[in-house]
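Given chain A, put chains B, C, D, E and F with the ligands in place with the hints provided.
If you want the building blocks of each chain, they are given just below.
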Amino acid sequence: MKKIEAIIRPGKLDSVKDALSNHGVNGLTVTQVIGCGKQKGNTQIYRGVEYTVHLIPKVKIEVIVMDKFVEEIIQIITTEARTGEIGDGKIFVSAVENAFTIRTGATGEQAL
Amino acid sequence: MKKIEAIIRPGKLDSVKDALSNHGVNGLTVTQVIGCGKQKGNTQIYRGVEYTVHLIPKVKIEVIVMDKFVEEIIQIITTEARTGEIGDGKIFVSAVENAFTIRTGATGEQAL
Amino acid sequence: MKKIEAIIRPGKLDSVKDALSNHGVNGLTVTQVIGCGKQKGNTQIYRGVEYTVHLIPKVKIEVIVMDKFVEEIIQIITTEARTGEIGDGKIFVSAVENAFTIRTGATGEQAL
Amino acid sequence: MDTGDTGFIMICTALVFLMTPGLALFYGGMVRKKNVLSTLMHSWIIIGIMSLQWILVGFTLAFGPDHYGLIGGLDWLGLKGVGMEPNPDYAGTIPAILFMGFQMMFAVITPALISGSIAERMRFPAFIVFMLLWATFVYDPLAHWVWGVGGFLRELGALDFAGGNVVHISSGYSALIAALVLGKRNGFGKDSMAPHHVPMTVLGAGLLWFGWFGFNAGSSLGANGLAAMAFVNTNTAAAAAAISWVVVERLHRGKSTMLGAASGAVAGLVAITPGAGFVTPLSSIVIGLVGGAVCYLAISVIKAKFGYDDALDAFGCHGIGGTWGALATGIFATTSINPAGADGLIYGNSSLLGIQAMSVGITVMFTVAATFIILKLIALVMKLRVSEEQESNGLDLSLHGERAYSEFV
Amino acid sequence: MDTGDTGFIMICTALVFLMTPGLALFYGGMVRKKNVLSTLMHSWIIIGIMSLQWILVGFTLAFGPDHYGLIGGLDWLGLKGVGMEPNPDYAGTIPAILFMGFQMMFAVITPALISGSIAERMRFPAFIVFMLLWATFVYDPLAHWVWGVGGFLRELGALDFAGGNVVHISSGYSALIAALVLGKRNGFGKDSMAPHHVPMTVLGAGLLWFGWFGFNAGSSLGANGLAAMAFVNTNTAAAAAAISWVVVERLHRGKSTMLGAASGAVAGLVAITPGAGFVTPLSSIVIGLVGGAVCYLAISVIKAKFGYDDALDAFGCHGIGGTWGALATGIFATTSINPAGADGLIYGNSSLLGIQAMSVGITVMFTVAATFIILKLIALVMKLRVSEEQESNGLDLSLHGERAYSEFV
Amino acid sequence: MDTGDTGFIMICTALVFLMTPGLALFYGGMVRKKNVLSTLMHSWIIIGIMSLQWILVGFTLAFGPDHYGLIGGLDWLGLKGVGMEPNPDYAGTIPAILFMGFQMMFAVITPALISGSIAERMRFPAFIVFMLLWATFVYDPLAHWVWGVGGFLRELGALDFAGGNVVHISSGYSALIAALVLGKRNGFGKDSMAPHHVPMTVLGAGLLWFGWFGFNAGSSLGANGLAAMAFVNTNTAAAAAAISWVVVERLHRGKSTMLGAASGAVAGLVAITPGAGFVTPLSSIVIGLVGGAVCYLAISVIKAKFGYDDALDAFGCHGIGGTWGALATGIFATTSINPAGADGLIYGNSSLLGIQAMSVGITVMFTVAATFIILKLIALVMKLRVSEEQESNGLDLSLHGERAYSEFV
Ligand SMILES: Nc1ncnc2c1ncn2[C@@H]1O[C@H](COP(=O)(O)OP(=O)(O)O)[C@@H](O)[C@H]1O
Ligand SMILES: Nc1ncnc2c1ncn2[C@@H]1O[C@H](COP(=O)(O)OP(=O)(O)O)[C@@H](O)[C@H]1O
Ligand SMILES: Nc1ncnc2c1ncn2[C@@H]1O[C@H](COP(=O)(O)OP(=O)(O)O)[C@@H](O)[C@H]1O
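Protein chains in written order, with this note's numbering: chain A, 8 to 119; chain B, 8 to 119; chain C, 8 to 119; chain D, 70 to 478; chain E, 70 to 478; chain F, 70 to 478.
So that you can see chain A by itself, here it is in the shape it has in the complex (with noise of 0.2 Å):
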């Protein structure tokens, strides 16, 4: 099993979720998040005073599927979250070492 991390756009959330679910990966997590990397920052003016903020608004999109579905979920998301431009996010992968599903009981791979 592996998690799938995925930084990317507030704006793109909808359609990364729907174009999942249209193959088939109906379990996800969303958290809100601010972060940095080669994007720049905005700036912003409060009474005069500019402060340049560094952490932009993202989505983190988080996944654990069986590890046959990786490379299918990644393509996904990397085409429905590219814009081309420097902010479009990244993802992550790492192992999980099992699963369960609270209601269920059900375990490792049934769990998902």
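It should be emphasised that the hints constitute simulated quantities derived from the structure, not laboratory data.
Hints may contain errors.
[Unchecked claim] Computed list of lysine-lysine pairs in DSS-like fashion (alpha-carbon distance at most 25 Å, straight line):
no.: 1; chain 1: A; residue 1: 75; chain 2: B; residue 2: 45
no.: 2; chain 1: C; residue 1: 9; chain 2: A; residue 2: 10
no.: 3; chain 1: C; residue 1: 45; chain 2: D; residue 2: 259
no.: 4; chain 1: B; residue 1: 75; chain 2: A; residue 2: 10
no.: 5; chain 1: A; residue 1: 9; chain 2: C; residue 2: 10
no.: 6; chain 1: C; residue 1: 24; chain 2: C; residue 2: 75
no.: 7; chain 1: A; residue 1: 45; chain 2: F; residue 2: 149
Using the frame of chain A, we list chains B, C, D, E and F with the ligands on its own:
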């Protein structure tokens, strides 16, 4: 060391937290998330227009613990967070390589 | 590649972020969380009724980096986030298998 | 007719109107995030319903030609005959339609006050039916007894300048009964039910205080010295009660809170309502100081002891504060302020206090009984309370299909 | 001069003022988080601009000595000669400068209403230019036609008590045109555009309702019986429309919403505006009930069918509600309420309805054409719409360099 | 007595009252999330304390029978003798108790204005003691000097229609001193201290503007032409200053902000306060335009240069804006508007400007010295400032045991 991530109903946070701390698990971190899975979203209405919102509020609890406690903790969370209805949530377990306590500089299992 | 997750005091976010970026670490993602550990919660009073709130506001910084930078980064975070009082927070390190830059399609360490 | 009086009362009517949207915010800030719209809706739907009920039947039941001191006749149904000329029985210098409008705003806010006790758990259809019946069978008669020409409490000599009995005691005790009939919220005493948005409550309290000037000063029905005195008394008691609440909570819990200052102010406004046009500013200080302390204790000690779930303290503020205010009027009233009133205990007349106590007693007994019966009757026909699942998902989503805040960018 | 009238109209002026900051919140709560400040800014910058425009040229264009029934002369440029003495042509019992001030607040809120339809996508400089031109070439003449001594719609016998034509129809139809010219928001019909803060909208609606008492009752320009009647009618129609909106939405969608109650109230306030001083309270109930239902249907069914993006329903509320109100005045007006008015259809006079319809038609044709031309002219000189990137980042950040809420502790 | 005047001033009193809860929101939106309740509490506790202080001793110190032009006698302690009859010395057509009430609201808001500069770091007990002493030893005498019969600044011929000196200059310079004595917030100039909730500030600004009509127009103490003129001038200057602020910030920083429009409006309201009843609407435009620009520059350039931490710009808005307003009155006043006033510089009389400058100078010297002494005296007895830990945890939690928003569902 393992990381246990449990995505549960927001209303169950207090009981899960209390149960964990009754069993001596004091360190944990909670994030507000939204997610989807088998649970159907809800319909919202604004000026006569219906929106289906697929992503439902949940909370994510993260606990990093020594390997030997994993089973017990999963047991506790499962018991407390279960209602038996779709939407109770998932628990994921993954490996953590190291931990540090910022204040003391302690590392590894000492840091937990 | 490793993921470094640091759970720190909200007030330390700016200094940690600045210190990291002075050391060339530009990519990171921040989440607002609440957590508990050794630090005692606080008491709140509403219309004469006391509530003890155990979960205290923190922020979680996630940085995914090449293995060789891990130690340095932990060093920086520890230095900047420490006050010496209980509640300074934890750092956890875990393995990341792969990374992708959505915009360029770069993978692996190139993607960081 | 007097343009000064007419203009003044018209604006006062607008001020009293504003109290109900203000109350919506006052209450809305105190509930959990998932129930804020359902709480706002309580006040708003009442504005809608009661405005119509009052025009169609309420006004004539309350102020129409008296029958046996108990109820007004149906002569003014649908405002028949209530026009632009003054009705000297009630207010000789302003249009009768304006007197009707001013009173309407009182008829609107009173049931809205009750909604605080049953917040976060009542079904919406049952709420509407309850409120309609309550307005018609509790508020309208009570208003007649106290304010209607020929009303029996009025004849008794009970003093109620701006609605201690009619508005606060009636709504406060009804709120208690409603909370008891509905039962506690799930998780009460266990889960945190901390206010989700204290500044919203503070804003609501500000609007209430502002509107209350119209409520109390306007109750003199003219722009005169008595109105000005009632205005100053209103502000004074509110200020004193805000202070006394935060002092008492400091002694009790070690900290003074913003929610406490706002709650105390409301308690003081309630307490001064019946006496605003009968007492001196110095007496208002005392009424406010005691009012703030008494309501604080009722809410933080007595409620905890008995364990009923008066969610937003409608009883604690309005029932207790109103009772104190009615009795305080019996203590502090003076004919030097209002010759049409009477002297109270500290001016050597002990009978007024007795009359006040009696009128409180009658009001309490009547509203408690009537509210209980109405709720039990409704319960025969429909469920009063939402399902456990609806309650846990929040009433905003489950009853109204809305969320108050969309969290994501 | 009469102090009662003067004091009353002065406070009414303050109340009408408050409507625009109230509108800012009403609109601001309905947009997405990233655009709330830009939406508030629309109303606020209009307060600034129009207050000056009115003093410098607007007032004299609208109310200055008539030229051909079409426009006021420039005699009162910069308020020359508009002083503390009454001008009996318009209001014999209050200072002329106060009449000017009262009218100013109408000139402020009307363009602000339009801003609802173009929310979340218009460039700020284009917005300012549009509003200035619109005020000068649409609002000022129209105000003259309807209210100016010698204005041709006034001469025609059209009844418009507080601004159905001048304020609501004109802004509503202009809003529709502006929405069409600007095009839909990116993602319209696909992404969720749910309100980011419904309680803010509810607060705004409360302030609007409160201020509307000044708008309608103040339009009698004195503290008299007619003002009181207009006051009561205003409240009644708002209440009835709030109820009818939530009933219709319950039938249509299964749930009654808080946003619906607030929207319905505004629809009712719009609908009663032209007739507030001509109809009875019972007629106001009907006007409100129909007004709430008609606006709901326009917004939820017709808008969906045609697919234009009137973001916050400026057309749906003000265009449709205003049209209904103008026609309703033709149906329900009665000289028993206002001898200076006329009898409507149900009182046996069918000609008034025709006049009302004609005045609506003229207003619509004029504002639609003028708005279209103004926008097209501006588009020759500058871009009307923000870039796609600005729109996706949100106007708060991209146009104003601010964020409404800082999320972190 | 005149019912028109009485009703009008009563409503104006309510409007001025509303300014302090409005100020609470204006300030509350600008602080960080963790300090919003403590900021609201500053204004609210002042409403409580000052309402009582004024009744007990403040009013008689300020308006009681004069002693040497410096202070009022204690004859009216506890409102002894202040009743429903007019006091012709101050206002012959309204009840004396109403004049007292109207003035009370000024005595309430003035100290609340100061609280902006010391936000986010002052201990609550020290705050209360400071405010009580400040009101008694700074505000009350100053009010006597300027407005009291026999007060020496009044005798001098200085013009201050609605409180430029007494309210704005006094609070503004005191705020500066308080900020200097308390020192900067931890992290000032390093951490982001962006407003946590700009719409809350915008709402507050709307309520301030609305209430300011009562403040300025009500200062004529009657419903007359002068009141109407002051009303229009108030609106005009606020509008002009909002525009000028956003234009200057656009030139300076490239963007116009909503916070800027709201701040500019307040700056304009401050600037017109002393002259509202002495200048023409066209002069008000100039006063507003300059006022907005001057305050903007003070806040964004001068404050940055000197580096003091006037957290919410109480000095920048009220100190600077008030000074400009007092001088502007010396420039633009005209007896054609107010025969009881005087002609200013542009009407050929240069002496008035000198008098105005002198009265500003005296006010500044007095308040600066007195505030400094009061704070230093308090510092001998108790800590003025919270601990570093309390400051970093936020004052809401550490001082008041509350959190404004509960984030989780
Ligand atoms: N090394 C990293 N560790 C954690 N998060 C990262 C890292 N690099 C980037 N991110 C996240 O991805 C987001 C987008 O990255 P950025 O470099 O701005 O754009 P792009 O991915 O197009 O190069 C950042 O805002 C941050 O949240
Ligand atoms: N594969 C997954 N990856 C990440 N999160 C998931 C996954 N499946 C479910 N979740 C999370 O768990 C929550 C509950 O899942 P759901 O399928 O609705 O109920 P149940 O667990 O009872 O079957 C979801 O809202 C989502 O946040
Ligand atoms: N075992 C754990 N698992 C996950 N999060 C933890 C754990 N222990 C601590 N934390 C997080 O670290 C924060 C600080 O921990 P705490 O024990 O209070 O202070 P310190 O790290 O100084 O001992 C907690 O609020 C919590 O968010």
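Hints and how they fare:
1. A:75 to B:45: holds, 21 Å
2. C:9 to A:10: holds, 14 Å
3. C:45 to D:259: holds, 23 Å
4. B:75 to A:10: Since the Cα atoms of residue 75 of chain B and residue 10 of chain A sit roughly 23 Å apart, the hinted pair holds (cutoff 25 Å).
5. A:9 to C:10: At roughly 15 Å apart (the allowed maximum being 25 Å), residue 10 of chain C and residue 9 of chain A satisfy the hint.
6. C:24 to C:75: It holds: about 19 Å lies between the C-alpha atoms, which stays within 25 Å.
7. A:45 to F:149: Not satisfied, since the Cα-Cα distance of roughly 72 Å exceeds 25 Å.
Going down the numbered hints, you'll see the structure goes against just number 7.
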